[in-house]
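Enquirer: Letter by letter, the chains look like this.
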Amino acid sequence: MRWSNVRAMAIKESRHLRRDARSLALMFLMPTIMLFLYGYAIRLDIMDAPIGVLQESHDLASDELVAQFRGSPAFQVVRNFADRRELADSIEKGDVWAAIVVPRTFAIDLARGAGRIQLILDGTDANSARLVRNYVLALVGGYAQTLSGSPAYIDVDARTWFNESHESRYAIVPGVIVLVMSTIGALMTALTIAREMELGNLVMLRTTPLTRGEFLVGKLLPYFFVGMADVLAAVAASVFVFDIPLRGSVGAIASVSALFLLVVMCQGALISIVSGNQMLASQLVQVTTFLPSFLLSGAIYAIGNMPLWLQDITLAFPARYYVELSKSIFLKGISPLVLWPSVAALCAILALLAAILYRRAARLGLAQ
Amino acid sequence: MSGFLGGAWRRLAALMRKEFVQLLRDPRMRFMLVVPPVVQLFIFGYAATFEVRHADIAVVDRDGGPEVREVIAAIDAAHHYTLRFLGSIDAASALMDRGRIGVIVQVPPRFSTDRRIELIADGSDPNTAQLVQAELAQVIATYGASQAQYVPPLTVEERAWFNPNLEDHWFFIPGIMANVLFVATMMLTAMMVVREREVGTLERLMVTPVGRLEFLVAKMVPVACVGLFDVGLIAFMAVAWFDVPLRGGIVALALASLLVLLSTQGLGLLVSTYAATQQQAMLSSMFYIMPMVVLSGFAFPIRNMPEAVQLLTWVDPLRYYLVVVRDIFLKGMGLGDHPFEFAMMLVLGCTAIGASALRLR
Numbered sequence: 001m002r003w004s005n006v007r008a009m010a011i012k013e014s015r016h017l018r019r020d021a022r023s024l025a026l027m028f029l030m031p032t033i034m035l036f037l038y039g040y041a042i043r044l045d046i047m048d049a050p051i052g053v054l055q056e057s058h059d060l061a062s063d064e065l066v067a068q069f070r071g072s073p074a075f076q077v078v079r080n081f082a083d084r085r086e087l088a089d090s091i092e093k094g095d096v097w098a099a100i101v102v103p104r105t106f107a108i109d110l111a112r113g114a115g116r117i118q119l120i121l122d123g124t125d126a127n128s129a130r131l132v133r134n135y136v137l138a139l140v141g142g143y144a145q146t147l148s149g150s151p152a153y154i155d156v157d158a159r160t161w162f163n164e165s166h167e168s169r170y171a172i173v174p175g176v177i178v179l180v181m182s183t184i185g186a187l188m189t190a191l192t193i194a195r196e197m198e199l200g201n202l203v204m205l206r207t208t209p210l211t212r213g214e215f216l217v218g219k220l221l222p223y224f225f226v227g228m229a230d231v232l233a234a235v236a237a238s239v240f241v242f243d244i245p246l247r248g249s250v251g252a253i254a255s256v257s258a259l260f261l262l263v264v265m266c267q268g269a270l271i272s273i274v275s276g277n278q279m280l281a282s283q284l285v286q287v288t289t290f291l292p293s294f295l296l297s298g299a300i301y302a303i304g305n306m307p308l309w310l311q312d313i314t315l316a317f318p319a320r321y322y323v324e325l326s327k328s329i330f331l332k333g334i335s336p337l338v339l340w341p342s343v344a345a346l347c348a349i350l351a352l353l354a355a356i357l358y359r360r361a362a363r364l365g366l367a368q
Numbered sequence: 369m370s371g372f373l374g375g376a377w378r379r380l381a382a383l384m385r386k387e388f389v390q391l392l393r394d395p396r397m398r399f400m401l402v403v404p405p406v407v408q409l410f411i412f413g414y415a416a417t418f419e420v421r422h423a424d425i426a427v428v429d430r431d432g433g434p435e436v437r438e439v440i441a442a443i444d445a446a447h448h449y450t451l452r453f454l455g456s457i458d459a460a461s462a463l464m465d466r467g468r469i470g471v472i473v474q475v476p477p478r479f480s481t482d483r484r485i486e487l488i489a490d491g492s493d494p495n496t497a498q499l500v501q502a503e504l505a506q507v508i509a510t511y512g513a514s515q516a517q518y519v520p521p522l523t524v525e526e527r528a529w530f531n532p533n534l535e536d537h538w539f540f541i542p543g544i545m546a547n548v549l550f551v552a553t554m555m556l557t558a559m560m561v562v563r564e565r566e567v568g569t570l571e572r573l574m575v576t577p578v579g580r581l582e583f584l585v586a587k588m589v590p591v592a593c594v595g596l597f598d599v600g601l602i603a604f605m606a607v608a609w610f611d612v613p614l615r616g617g618i619v620a621l622a623l624a625s626l627l628v629l630l631s632t633q634g635l636g637l638l639v640s641t642y643a644a645t646q647q648q649a650m651l652s653s654m655f656y657i658m659p660m661v662v663l664s665g666f667a668f669p670i671r672n673m674p675e676a677v678q679l680l681t682w683v684d685p686l687r688y689y690l691v692v693v694r695d696i697f698l699k700g701m702g703l704g705d706h707p708f709e710f711a712m713m714l715v716l717g718c719t720a721i722g723a724s725a726l727r728l729r
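Line by line, the protein sequences are chains Y and C.
Just so you know, the numbering used here puts 193 at position 193 of the first sequence, and the rest follows in order with no gaps.
Counting the second sequence from 1 gives a position; the numbering used here is that position plus 368.
No lab work stands behind these hints: they were computed from the structure.
Hints are supplied without guarantee of correctness; some may be wrong.
What the hints assert, rightly or not - Some chain C residues near chain Y, calculated using beta-carbon distances under 7 Å:
1) 495
2) 502
3) 604
4) 647
5) 662
Model, not experiment: these values are computed from the prediction.
Each residue gets a CB set at the ideal place from its N, CA and C atoms; glycine is no exception.
Model the full assembly from the supplied sequences, consistent with the hints where possible.
Expert: Structure (structure tokens):
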């Protein structure tokens, strides 16, 4: 591989990039927007869940119980139903996520030690329903305890490490960086080679002494720098805008990111060469890179909750390893060396992809 | 007049045939139009779940008494936990560092007098942490209640409507429909138009009698067909494979899909008016798609978003589509139940198409 050829190719490619101001702007804007959306718009826990109350009797005991719900930060009592019909309507329309029914005989039953209330959940959004149910059960359980005056038999002291306040964004933002990189890394490289093939520039390159290795390295180099700039900007935004603690070192996150970026770029280039046209390449990237990094990486949905066969499939996707590394470096502050199996997996995938890419690039018909 | 119209119709038919052929000629492209929606459906259907079916738990028992063993046995019997017994909190925390365990149950010495148990969860996955902690606390409380012969004076009888077992994929599958429809149709529309420009065939079309409207309609109809086909495919798989109930009408579903296609294709056209290359078209499409998908509430309830972000969701056509599709599937609603959502999709769609028609001059 002659360095001068690589350099010439890289210079040509970066000129392309520089002249296409719109794409370049998008490449920097998109990660920012993604981070902000995911960082601000997504909360996995609930606050102020809208609930409605159907209180069939207005005695002291019922009033006191309902006051518990009104006072809780988890709920916001937005409706007081007059009857069951109204309750059903409201849940059907989605005005409330759940309804509490305090029956007419509640006070008498409670005095007998057998008070019962009904909780009706809108199951459409299963996860929100589950969270609401847990909050209701905890609240009612605690209230029952104070009513009966008997202290809990066992004290449970629940703590959370690495993320004391259960902030969703602590967990999501380090994971979302993977989306940024998949989009920028794979998408950009996938289109760039397919474009040369589609427009026929490749034929011209065949008349030059450029070899396929030089072509690939020169082609990918500028995108690597853009990608790294994006990642570092995303890391900086995570720390300074979203207050995500970076407990590990900047060097660790940068080097792991560089490794992952290389993997996705190889993926993009391979898709490019296999597909040969931009429309197909763009669809392929969506399916093989973007979706898995969103769904199968653990960035948002925990891998441990998936069925076992799917957990095994996630092993084939590099995003999974990167998310694990990124979360650990950010939140736990541990070095990638401790998580060497993930690093090794990324290296192995990179080697495999690079080898396939080099073989497949023979079809470009460049100089030997 | 009839001759003129007949000519227009012939041109349109010819153009449309060309677009269909171009779109479906490449077997790999045909593959891409069918397989990704199905793959997406499967992955989403199985992967997108917040339900904790299984958790790895470390137990650090520093008391060692018989009563602790009973508590642990109660946890073990609970269902889906794999317990690992470790000698020290350091060993447990090292495992948590590596992500091998999600929760540590630590029993301090002198349990018989203090009766205190610590539940330490890995906050790098707060959702799982919260759910497992809540479940464990429940198990321990139940055990404690039976020991102390405490009968809570107050119980909750719970019921979930529309989705009695709280299946996550019942919620996500309508979202996938919206997602696939949006991504496929918007990007294809944008790229098909831009491709003509990039490859230079647009100039050749300009010297033919083909009008602007004919050109656009011929581009939009094949993509719309692909979109509707995908919707049908996903609806079929959802019902046949995932047992999602389709309680409402298919007509309402088709109409909602047609209306949202106005917006997605309109946006695709809008992108094509300023993108010079397919690369730009692709990037700009992503630029619209990602926020719109996130803001549509497909996975994260809109109500949980900050107020300012909630306002943004008002101009997101997907938001309305999702409400309609979910209600059709799970709540059995029909054509008449969502006048506002249908109207908003129509308005947003016409705005997008109008804006791109203005720009395309």
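Enquirer: If a hint holds in the structure, say so; if it doesn't, say that too.
Expert: Evaluated hints:
no. : hint : verdict
1   : 495  : holds (5 Å)
2   : 502  : holds (5 Å)
3   : 604  : violated (20 Å)
4   : 647  : holds (4 Å)
5   : 662  : holds (5 Å)
Of the numbered hints stated above, the single one contradicted by the structure is hint 3.
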